[in-house]
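Make the complex out of the two chains shown on their own, each in a separate frame, by following the hints.
Listed below are the residues making up each chain.
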Amino acid sequence: MTLPQVDLRIILPEITVGIAVAVVMVWAAFLPQDRQRLLRWVSGIALLLALLEVFVVSGGAAFGGMYVRDSLTKSLQIIVMLTAILAVWMSGAYMERTRLETGEYYALLLSAALGALLMAASADLLLLFLGLETLSIPLYVLAAIARGDLRSQEAGMKYFLLGAFSTVFFLYGLALIFGAAGSTSLARVASAAGTGSPLLLAGIGLVTIGLAFKAAVVPFHAWAPDVYEGAPLPVAAYMSVIAKVGAFAAMIRVFVLALPGAVVPWGTALAVLSMMTMTLGNVAALLQSNLKRLLAYSSIAHAGFMLTGIIAANRAGTSAVVFYLLVYTLMTLGAFGVLLGLARRGEEADDISDLTGLAWRSPALAGAMTLFMASLAGLPPTAGFFAKLYVFSAVLDAGYVAVVIVAVLTSVVSAYYYLRVAYTMFIGQPSPEVEFVGGRWVSTAIIVTAAGVLLLGIIPAPVTTFLEQVADALK
Amino acid sequence: MIIPAQYYLTISAVLFTLGMVGVLVRRNALVIFMSIELMLNSVNLTFVTFARQLAAIEGQVAVFFVVVIAAVEVVVGLAIIIAIFRTRSTVDIDDVDLLRG
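The listed protein sequences derive, respectively, from chains A and B. For the first sequence, the residue numbers in this note's numbering are 1 to 475. For the second sequence, the residue numbers in this note's numbering are 476 to 576.
Extracted from the complex, chain B is given alone in its bound form (with noise of 0.2 angstroms):
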C-alpha cells in the first residue's frame, strides 16, 4: 500500500502546530526548547516527502544541513540553559525577568 504524500505533510503540519503551541503556552525553558526541536522534525519530514514527490535530492540534502544546525543549537542552548540554571537554580521563563519589556 503507497500512503499518499499528503498524510506525511499533514502529520507534519500537525507536528509544527503541536511544537508552536508548546512554545507559546509552555513555561519551562527546557520545554520550549524540545518543542522548538519538534518543530525542526516536522520540517525535516516536510522536505523528505517533498524530495521523494519531486524526485529532487535537493529536499534531502537540506535536511542534513538542518540536523547539523539542530546539533549546534542544542550544544548552544543547553549550555546558556546550564549557566542560567547554576545561578538561579530555576529556568522558568517567568522567573528570569531582570529586563524589563
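Just chain A, same shape as in the assembly (with noise of 0.2 angstroms):
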C-alpha cells in the first residue's frame, strides 16, 4: 500500500501550535504550581514562531484539496494568531491571581487557536467541521475553568450544551450536503449549487444555523451574554474574539467563495439575520449595568455588522469583514484588557460603576478605555470608523439599502452606551475599593491594541491594501 505524498511544510504553523499543546499540557504535569508561569512563556512563545510561520510559509492546497493556503487564510490566520498571543499576554496576571494558572489554562488556550487556524483554512466542510470543534470544545472547557465558582460552572454548562445542540444541527447540514452534492469538498458543492435542489438548500439552512450560533448571530446569540458574563475575565475576552474570527472564517469559506448567491438565495435570508442581531445586540446593550453583560451584546451587535460584509458577496464585502475582524480583534481584546488592569477587593471590576471616576486617578489607563468605547462606536478618527465604513459601503453596493440603513440607525443607539461607559470615567468620585492590579503584560497589551486601534483609525491605507488580494480567492 502507497500512502499519498503529502507535502506537511504547508500546514507548518498548525504543527507548532499542535505540537505546543502537547508539549504544554503533558510539562504541566511535571511543574509545581508555583512554576506554572513558565508554561505562559513556552505559549507565547510557539504563538510567535506560528505567527512568523504564517508570513514565510507558502500558499498551495493539500490533503487532497481539503486544505488550502492562500491570502485569505494567511490574513485570517494572522488575526488568529494575534488573537492567542494577546491573550496569553493579558491571562497570566489574572490567572496567577485567582491561582488558576494552570498548564491546562494555556494547552486550552492554543487549541482553541489551533481550531480557528483549520477553519481558516479549510476548504472541505469536514475539515470545517474538525475545525469547529477543535475550536469549541476548548472554549466550553475554559468557561468552566474556575472550578469552584459556581457562575463558571454555570457558564460551561450552557455553553456547552447549547453549543453541542448547534453543532448537531451543523452536522445534520453537513450530511444532507454530502447526500446532495455527492462530496464535502466545497468546489464539488459550489458546482451542485445550480441544480438547487431541496436537500442541499435545507442542508446550507443547518449549516447555517451551526455558524449563526458560533457567531452569536440572532436569534442564536441567547447563550452569549451568561457564557460571557460568567466566565473568568481573560477567557471571556479571549472566546468573544475567536469564536468569532472562526465562525466569520468559515463563513466568507462556505458564502462567499463557495455558494454564488444567484443560485442559492441565501443572501436575503442573511440580511434578515443581520438585520435582527443589529438590532436586538445593541438595543439590550442600552439596558446593561455589567461591563462583561455589555461586551456581550456589543460583541453580538458587531457579529451583525459584520454579516452585512457577508451578504454583500462581493471583493470589497469579503475584505471589509477581514479587516472588520482584525480591528473587532484589537478594540474588543483592549476593552477586556483595561477590565483586567481593575479589580473590586480582589474580584472582577465588572460593573460600570467601578469605572467611576477613573480618569482622575489613572488617565492612561481611562484614556485607552475611551478609545476603545469610541473604536467600537465606530467614531472617526479610529479604525472602528474605517471598519464600518468598508462593510456598510461594499453592502450598499451590492443593494441591500435596507441593510444599511439599520446598521447606520443602530450605530447611532450603540454611541449611547459606549459613551455612558467613557462619560462614567470622567464624573463622580473615584470608588476606593477599586484598584489597579494589571502588571506589565496587561499594559503591554492595552498599549499594543490603543496603537493598532489609533494607527489603523489614521493610516488604514496599507493594511487595507494588503487585504485586497484577500479578494483573490473569489472567482
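Think of the hints as simulated: they come from the structure by calculation, not from any bench. One thing to keep in mind: the hints can contain errors.
Examples of chain A residues lying across from chain B (beta carbon under 7 angstroms, computed) [what the hints assert, rightly or not]:
#, residue
1, Ile137
2, Arg147
3, Met157
4, Phe160
5, Leu162
6, Ala164
7, Val168
8, Leu171
9, Tyr172
10, Phe178
11, Thr184
12, Arg188
13, Asp226
14, Ile459
Given the structure is predicted, the values throughout are model-derived calculations rather than measurements. Cβ atoms here follow ideal geometry from the backbone N, Cα and C, with glycine treated the same way.
Quick look at the structure:
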C-alpha cells in the first residue's frame, strides 16, 4: 500500500501550535504550582513562532484539496495568532492572582487557536467541522475553568449544552449537503449548487444555524451574555474574539466563496438575520449595567455588522469583513484588557460604576478605554469608523439599502451606551475599593491594541491594500 | 430484500427530531446530553446511508470523525456536569440559574 504524498511544510503553523498544545499539557503535570508560569512563556513563544511561519510558508493546497493556504488563509491566520498572543499576555496576571494558572489553561487556549487556524484554511466541509470542534470544545472547558466558582460552572454548562446542540445542526446540514452534492468538498458543493436541490438547500440552512450560533447571531445568541458574564474575564475576552474569527472565516469560505448568491438565495436570509442581530444587540446593550454583559451584547451587535459584509458577497465585502475582524480583535481585547487592569476587592471589576472617576486616578487607562469605546461605537478617527465604513459601503454596492439603513441607525444607538461608559470615567468620586492590578503584560497588551486602533484609524491604507488581495480567492 | 435508502433517511430524520424534542423538553442536563447524542447518531446514519447510496467513501470517513468528536464531547460534558453536581447536588437546568438572562 502506498500513502499519498503530502508536503507537511504547508501546515507548519498548525503543526507548531499542535506540538505546543501537547508539550504544555504534558509539562504542566510535572511542574509545581508556583512554576506553572513557565508555560505561559512556552505558549507565547510557540504562538510567535507560528505567526512568523504564517508569513513565511508558501501557499498551495494539501490533503486532497481539503486544506488550502491562500491570501485569505494567511490574513485570517494572522488575526488568529494575534488574538491568541494578546490573550496569553492578558491572562497571566489574572490567572496567577486567582490561583487558576495551570498548564491546561494555556493548552486549551492554544488548541482553540489551532481550531480557528484550521477553519481559516478549510476548503472542505469536513475539515471545517473538525476546526469548528477543535475551536469550540476547549472553549467549553475554558468557560468552566474556575471549577469552584458556581457562575463559571454554569457558564460552562450552558455553553456546552447549547454549543453541542448547535453542532448537531451543523453536522446534519453537512450530511444533507453530502447527500445532495456527493462530496463534502466546497468546490464540489459549489458545482452542485446549480441544481437547486431541496436537500442541498435544507443542508445549507442547517449549516447556517450552526455557524450563526458560534458567531452569536440573533436568534442564536441567547448563550452569549450568560456565558460571558460567568466565564473568567480573560476567557470571556478570548472567546468573544476567537469564536467570532472562526465563525466568520467559515462564513466567507462557505457563502462567499462556495455558493454563488444568484443560485442559492442565502443573501436575503442572512440580511434578515443581520438586521435582527444589529437591532437586538444594540438595544439590549443599552439596558446593561454589567460591563461583561454589555460587551457580550456589543459582540452580538458587531456580529451583525460583520454579517453585512458577508451579504455583500463581493470583493470589497470580503476584504472589509477581514479588516473588520482585525479591528474587532484589537478594540474588544483592548476593552477587556482595561477591565483586567482593575479589580474590586480582589474580584473582577465588571460593573460600569466601578469605572467612576477612573480618569482622575489613571488618565492613561481611562484614555485607552475611551479610545476603545469610541472605536466600538465607530467614531473617527479610530479604526472602528473605517471598519464600519468599508462593510457598509460594500453592502450598499450590492444593493441592500434596508440593511445599510438599519446598520447606520443602530450604530447611532450604540454610540449612546459606549460613550456612557467613557462618560462614567470622567465624573464622580473614584471608588476606593477599585485597585489597579494589571501588571506589565496587561499594560503591553493595552498599549499594542490602542496603538493598533489609532494607527488603523488614521492610516488604514497599508493594511487595506494588503487585505484587498484577500478577495483574489474569489473567482 | 433490499430496503431503499429513503427508509434509512426517514428513520434518521425521526431520530433527529426525537433528540431535538428531548433537548427542548427535558430539564435534566444528563438527559439533554443523551438527546444530543441521539441526534449525533442520527447524523451518522444519514452519512452512512448516503455513502452507500452514492458509493462515496467520504461519508463513512465522516462518521469516524463524528464518533471521535462525540467521544470528546462526552468527556468534556460529563466533567462539567459532574463538577456542577458536586457543588449543587442537582443537574436540573432550571436550578442552575445564577446568571440572569
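Now for the hints, and whether the structure bears them out:
Checking Ile137(A) against chain B: minimum C-beta separation of about 6 angstroms stays under 7 angstroms; hint holds. A distance limit of 7 angstroms between C-beta atoms decides the matter here; for Arg147(A) the minimum to chain B is near 6 angstroms, and the interface restraint holds. Taken as an interface hint, Met157(A) checks out: its beta carbon lies about 5 angstroms from the nearest beta carbon of chain B, inside 7 angstroms. Because the beta carbon of Phe160(A) sits about 5 angstroms from the nearest beta carbon in chain B, less than 7 angstroms, this interface hint is met.
Residue-level restraint check for Leu162(A) is violated (minimum Cβ-Cβ distance to chain B is 9 angstroms; threshold 7 angstroms). At a threshold of 7 angstroms, the smallest CB-CB gap from Ala164(A) to chain B is about 5 angstroms, leaving the interface hint in force. Because the closest C-beta pair between Val168(A) and chain B is about 4 angstroms apart, less than 7 angstroms, the hint holds. Using the Cβ-Cβ criterion of 7 angstroms, the hint placing Leu171(A) at the interface with chain B is satisfied: the shortest such distance is roughly 5 angstroms.
With a least beta-carbon distance of about 5 angstroms to chain B, the hint placing Tyr172(A) at the interface is held under the 7 angstroms criterion. For the restraint placing Phe178(A) at the interface with chain B, the shortest Cβ-Cβ distance is roughly 6 angstroms, inside the 7 angstroms limit, so the hint holds. Hint on Thr184(A) holds. Least Cβ distance to chain B is approximately 6 angstroms, under the 7 angstroms limit. Given the 7 angstroms rule on beta carbons, the hint for Arg188(A) is violated: about 10 angstroms separates it from the nearest Cβ of chain B.
With a cut of 7 angstroms, the hint placing Asp226(A) at the interface with chain B holds, because the nearest CB-to-CB distance is about 4 angstroms. Given the 7 angstroms rule on beta carbons, the hint for Ile459(A) is violated: about 40 angstroms separates it from the nearest Cβ of chain B.
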